[in-house]
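S.K.: Here's the letter readout for the chains.
Number of protein chains: 2
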Amino acid sequence: MRMYDLIMKKRNGKPLEKEEIDWMISEYTAGRIPDYQMSAFLMAVYFQGMSEEETLNLTMAMAHSGEMLDLSGIRGIKVDKHSTGGVGDKTSLALTPMVAACGIRVAKMSGRGLGHTGGTIDKLESFSGFSTEISAEQFEEQVNRIGISIMGQTADLAPADKKLYALRDVTATVDQMSLIASSIMSKKLAAGADAIVLDVKTGSGAFMKTREDALALAEEMVRIGNGAGKHTIAVVSDMNQPLGNAVGNALEVQEAIATLRGEGPEDFTELCLTIGSYMLVAGKKADTPEEARAMLRRVIADGSALKKLEQFVEAQGGDPGQVRHPELLPAAAIREPVLAPMDGYLQSIQCEEVGNCSMILGGGRETKESELDLSVGLILHKKTGDFVKKGEPLATIHANDREKAAQASKRYLAACRIGEEPVQRPELIHAVIR
Amino acid sequence: MRMYDLIMKKRNGKPLEKEEIDWMISEYTAGRIPDYQMSAFLMAVYFQGMSEEETLNLTMAMAHSGEMLDLSGIRGIKVDKHSTGGVGDKTSLALTPMVAACGIRVAKMSGRGLGHTGGTIDKLESFSGFSTEISAEQFEEQVNRIGISIMGQTADLAPADKKLYALRDVTATVDQMSLIASSIMSKKLAAGADAIVLDVKTGSGAFMKTREDALALAEEMVRIGNGAGKHTIAVVSDMNQPLGNAVGNALEVQEAIATLRGEGPEDFTELCLTIGSYMLVAGKKADTPEEARAMLRRVIADGSALKKLEQFVEAQGGDPGQVRHPELLPAAAIREPVLAPMDGYLQSIQCEEVGNCSMILGGGRETKESELDLSVGLILHKKTGDFVKKGEPLATIHANDREKAAQASKRYLAACRIGEEPVQRPELIHAVIR
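Taken in order, these protein sequences are the chains called X and D.
Anchor point for the first sequence: position 430 equals 430 in the numbering used here, and the numbering is continuous, going up by one each time.
Anchor point for the second sequence: position 382 equals 382 in the numbering used here, and the numbering is continuous, going up by one each time.
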C-alpha cells in the first residue's frame, strides 16, 4: 500500500477501505508516513468528506493505535460522559456524584485542559490534598467500593489521534465533522466504558457555533458509538452564554456543591438532570429518562449525592470538610462588581469573551506550562433575558491583581449587550440524539 | 504573516494577495515553512483553484526564487521553446537548427530527463564527443557566432518550483492547472528568453489527456507569459500516437537529421514547420506564419538547416561526420520486426505503452542514476489510420538484449488495435493560442 494512492483516492472522492484506513493510521503512528502526506490527505478529507463507514473505521483505527483500557475488573455497566466544552462547564463535578449516588459506576480518566479554566482535574484540586495520581489498583478498588474515581490520564490512549490533532491544528484541517467526531470518539472508546453520554455544546462559547453543526456532530458521534457497539446518547445543549453563574476553578466547585445541595442555578441543574438521566438509562438503572430524573432529584433531596462527593474527595486524599464548608475553598482577595451602565434587558453575553476574562485573571492556561490561580474567576448575576437596572451588578470579578481585575471588568462589560426590548432566555436543551 | 492563515484563506476560497504569495514562496524556499503546511495548501489549491492574478504572482515569485539568467550579452530577440513532452518528441533536435538557420538566436538550457527516452541533452550525446558542459562565456560566444548553443542546466533556476514540484509529486497535487502552468512558466521566465513558443501535447501519450485540458493549460501559460511581458504563443498538438516514426535516442537523432534533409515523416515535419513559424514570428524574422513557413522550407531545401546542425555539433565537440552519415550513430545489435496478426486498419496505438517499450529496451531512465542505452528504441512503420496486411511489420524493435526485445515486441503488439473499419488519421495541430 502507498500513502500516495490513498491521498489520490480521497482527493478524487472515493471512499477508503477499512484495510487502507487501518494501514494508514498504524503507519502514521509509527512515523512511517510523513506529515506532509498526511496533511494533504486531511485537506482532501476536508473537501471530500468521509462516509459513515469510513468515519467509524477511522475512529476504531485511532482507538486501537495505543492502549485500550480494560475496565472489566469493575462491576456493572460503566457509563462515560464527555462534553465538547464551553465556558462555566463544571458539569462533571456535580453530575458524577449524582449518578454515582444512583448506583452508576464512574471510572473516569481525565486531563488538565488548555483554555479559559482548567480541566476537571484542576478544578478538583481546589480541595486541599486532592490527588488524581493514584494507582490503577486504587482506581479499580475505589470504584468498586464507593462507586466513583477519577484518575489522571497516564495511559497512552489513542496516540494516533494526538499526532493527527497536532497536525490538523497547524494545517487548517480541524473543522471537519468526521475528523472532529472520530477524534473525540477514539479517545472515549479507548477509555473502556460500556456506554457513553455526550454533551455537544452549541453557540458563541462553543466550538460548534451553529445548532445545525452541533446536531450533525452529535449524530455522527452517536453513529460511531453505536457502530462500535457502545450504547451512545448525545445531548445538544446551549453555550450562547456561560453555563450556570460561576466561571473559574474553585468558584465552579462551589457552584457544583450548591447544585448537589439543590441550590444551584436553574440552567446548570437542568443540564445535570438531563444528562444524568440519560446516563442512568444507558447504565440500566432506570427504564425511562423521567424515572431517572426522579431518582436524581431524590439523591439531591436526601443529601446522598453531596455525601458521595464527600466520600470521593476523601478517598482521593482531599479535605471533605471543604465539601461541607465550601467557604474554605481557595478564595480571591479582590471582589469587584461590574455595574450595568443603563437600565434594560440583557440581550446577550458574548460567551467566548467571558472565557477570556477568566483567562486574563489567571484562571486558565495559555500553554501547558502555565500555573493556574484556582481562586479567581467571575460570578454572573444576570443572564440573557434578565432585566437589569443602571448601577446594579452584572457580575462580580474575583481577582488577586487590581490591574487584571480592571481589565477583566472592562472586557466583561463590553461582552454584555443591554437593550430596551425584552428578549427570550435561550433554550437550554436543543436536542437529544439517541 | 502566518502560513496557517494563508492555508485557511485558500481553503475558504479566498484569493491570496501578491505580498502573501511572495512571502510564502520565499519562506518556503528558505525552509522556514514546513512541507506539511505547504502540502495542505497545495491540496486546498487543488480544490479551490487560483485566479489568473494569483497564478501570475505565483509564477513570478517562483521565477525570482533563484538566479534569473541574463541573456543580454546575446544580440537579437531570444526565442525559447518548450514542449510538455510526449513519446517520440524530438522536436528541439530538428527545430533549433531550422530556426537558427533563419536567424533566430537559440540560447537554450536543457536538462536530462526521466522518462521513456532521455532528454534533449541525452539525445545530442549520440554524437561522439558532444558535450553541453560548456562555460557561460563559450555559450554566449557560440550563440553570437553561429546562432545556436545548448548548455546543461548549471544555474539554480526557480528552486522554489523544484522544491514544490517534489512535494506535489508525493502528495497527489500535480494535476492542477495553475500549479502546472506556473511550474513550467517560472522556469521559462528564469531562463531569460524574450519570447516563448509552447508546444502543449494532448492525448494518450501526453500529460494532458483531453483536448480541453490541453487548451486550458495552453491558455493559462500564454496569459502568464504575456502577463510577464514576454511574447508567448502556444501550439496544442496531438500525442495520441508517437510523433514521427522513431522512438529512442539515436533513432530520434537520425529522424531529426532526415527531417532537416526534407525526408522526415510528414507529421513530425509539419509540427516543426508550425512551431518554427511561430518562433520566427515571435522573433520578428517574419511578419506572418505563412511567410515564416516559406523561410523554413527554404532552409531545408537549400541545406542550410542541416549545415547549421553540423556547425552546432562541431562547436560543442561532437563529430559532424555523424550528421552527414547518421548510420555512424550508435546502433543496436538486434532488429526485430513486430508483425501484424491480421489484415486491417490501425485503429489506435496506445501511446504511453510505446514509451514503456522504449523504457524496457533501456532507452529511458527510471531513476536519476539509470544508465541510458542510446542505441535502442523502435521505428514505427504504420501509424493510426494506415492499412496493414497480416504478417507486415507494424514496427521494428532495436535492441541489445533478446529477452527485452521479445518483451517490448509483445507489449508493442498489445498497444496496437487493428480493425476492419477505416479510421481517420488524427489531426496534428489542435489549436494555436496567441
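The reader is advised that the hints may include incorrect statements.
Copies of the same chain look alike in the list, so a pair counts if it works inside one copy or between any two.
[To be verified] In silico DSBU-like cross-links for lysine-lysine, where the CA-CA straight-line distance does not exceed 30 Å: (1) Lys163 with Lys9; (2) Lys389 with Lys18; (3) Lys18 with Lys390; (4) Lys368 with Lys9; (5) Lys410 with Lys209; (6) Lys285 with Lys307; (7) Lys383 with Lys230; (8) Lys9 with Lys162; (9) Lys404 with Lys390; (10) Lys230 with Lys284; (11) Lys307 with Lys9; (12) Lys307 with Lys162; (13) Lys14 with Lys368; (14) Lys383 with Lys284; (15) Lys404 with Lys162; (16) Lys14 with Lys389; (17) Lys230 with Lys404.
Hints listed in this document are in silico derivations from the structure and should not be mistaken for laboratory results.
S.K.: If a hint holds in the structure, say so; if it doesn't, say that too.
M.R.: Okay, the hints, checked on the actual structure:
1. In the homo-oligomer, the alpha carbons of Lys163 and Lys9 lie at most 30 Å apart both inside one protomer (22 Å) and across protomers (24 Å), since each shortest distance falls under that limit.
2. In this homomeric assembly, Lys389 and Lys18 never come within 30 Å of each other (Cα to Cα): the closest approach is 61 Å inside a single copy and 52 Å across copies.
3. Taking the shortest Cα distances, Lys18 and Lys390 never come within 30 Å of each other, neither inside one copy (62 Å) nor across copies (50 Å).
4. Taking CA atoms no more than 30 Å apart as the test, Lys368 paired with Lys9 passes between copies only; the shortest distance there is 28 Å, against 37 Å inside one copy.
5. Only within a single protomer do Lys410 and Lys209 lie at most 30 Å apart by alpha-carbon distance; the minimum there is 25 Å, versus 62 Å between protomers.
6. For the homomeric pair Lys285 and Lys307, the shortest alpha-carbon distance inside one copy (20 Å) is at most 30 Å, but the shortest distance between copies (98 Å) is not.
7. Proximity of Lys383 to Lys230 under the C-alpha cut-off of 30 Å is found in neither arrangement, the shortest distances being 37 Å within a copy and 65 Å between copies.
8. With identical chains, the CA atoms of Lys9 and Lys162 are at most 30 Å apart both within one copy (24 Å) and between copies (25 Å).
9. When the C-alpha separation of Lys404 and Lys390 is checked against a cutoff of 30 Å, the pair qualifies only within one copy, where the shortest distance is 24 Å, while the shortest distance between copies is 94 Å.
10. In this assembly of identical chains, the alpha carbons of Lys230 and Lys284 lie at most 30 Å apart only when taken from the same copy (13 Å versus 77 Å across copies).
11. Proximity of Lys307 and Lys9 under a CA criterion of 30 Å is satisfied in neither setting, with 56 Å inside one chain copy and 52 Å between copies.
12. Taking the shortest Cα distances, Lys307 and Lys162 never come within 30 Å of each other, neither inside one copy (37 Å) nor across copies (68 Å).
13. When the C-alpha separation of Lys14 and Lys368 is checked against a cutoff of 30 Å, the pair qualifies neither within a copy, at 39 Å, nor between copies, at 33 Å.
14. Taking identical chains as interchangeable, the C-alpha atoms of Lys383 and Lys284 are never at most 30 Å apart, the minima being 36 Å within one chain and 77 Å between chains.
15. Proximity of Lys404 to Lys162 under the C-alpha cut-off of 30 Å is found in neither arrangement, the shortest distances being 34 Å within a copy and 51 Å between copies.
16. Taking identical chains as interchangeable, the C-alpha atoms of Lys14 and Lys389 are never at most 30 Å apart, the minima being 60 Å within one chain and 45 Å between chains.
17. In this assembly of identical chains, the alpha carbons of Lys230 and Lys404 never lie at most 30 Å apart, being 46 Å within a copy and 59 Å across copies at closest.
Of the numbered hints given earlier, the model fails hints 2, 3, 7, 11, 12, 13, 14, 15, 16 and 17; all others are met.
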